Amino acid sequence: MKDELLPLALSAMYFLSFKEKVILEEKLDNIGNLAVLSIDDISFLVGRRIRSRWWKGEDAERGAEQSLKLMEIYGIHSLIYRHLDYPALVSEIFDPPYMIFYRGNIQGIHEPCISVVGTRKPDSQVARAAFDFSCEAAASGYTLVSGLAFGIDAAVHKGALAGAGKTVAVLPCGVDGVVPLSHKRLAASMLERGGCILSEYLPGVPAEKFRFPQRNRIISALSPVTVVAAAPANSGALITAEFALEQGRDVYLLAAGLASSSCNEGMEGYRQDGAPVISSIGDYEACFQGVPGAVGRISAETRYCRKEKQLLF
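Just so we're aligned: the sequence shown equals residues 1 to 313 in the numbering used here.
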């Protein structure tokens, strides 16, 4: 029991980085050792001055026990970073989740994945294009990854189901719930059809504003390419695209989104930097495999150079 509880308690310490949680794990034998530590003790062990009013050592064991009960009630499974089934691509990023919690079949993340993101308010043509692309990709054996939000995310998950394939949703809350609540039936369909919903957050953790961009780094990390279906300026989809570039991934643009005057404001800079513009899974594979004549790749260095030019001029 203690071996189960210590990782859960460490996972709940959101004020620590992945590396700092690993340090504590290596230095502590059980959750009792963690519970007696003060915030100053933790600071000493990880080698960084930590200021957190959230830490109460006496609550650590109680909270971990509650998390374990919720996992049993909702059929939630977990993967710690050292587990063989922990997604390899996610383990490569700068600050990967210490643990991943999920419901459903996790095997889809070990198959070729494509992350597709976009605005919550697309026009009907863009939503349809995202649905069609996801349907075609799923039928071709890809796992479609998105965030279960309104708009493009929902179109992606529904398209994957229509293509009789797997789809994965990354949530900004514990997987005992669904955000938005109105997508509960969609999430259930995903689970029934061999997909999964996953999160780095323990069950019972609510969705808060700052958790949405945090989860976006996992959406991008699960795939070698993030496809931006539609993205107005300052949208969450652009945050995901930037994460993808920082992680050494590629960014592709869906042609329908780029052609939509109401949805493309945030996409134009990527197009200028050389991001491939695609309409089908055939286009995607041609770009991904580097077929002669395919549009070139966009790199993080290109984006950073472009930002510097904007500052200079």
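There may be inaccurate statements among the hints.
To be verified - Listed next, the in silico EDC-like pairs over lysine to aspartate or glutamate satisfying Cα-Cα at most 16 Å (straight line):
id, residue 1, residue 2
1, 158, 192
2, 158, 136
3, 69, 4
If you are wondering where the hints come from, they were derived from the structure by calculation, not from laboratory data.
This one's a predicted model, so the numbers in the text were calculated from it and none came from an experiment.
Status of each hint after checking the structure:
no.: 1; hint: 158 - 192; verdict: holds, 13 Å
no.: 2; hint: 158 - 136; verdict: holds, 12 Å
no.: 3; hint: 69 - 4; verdict: holds, 12 Å
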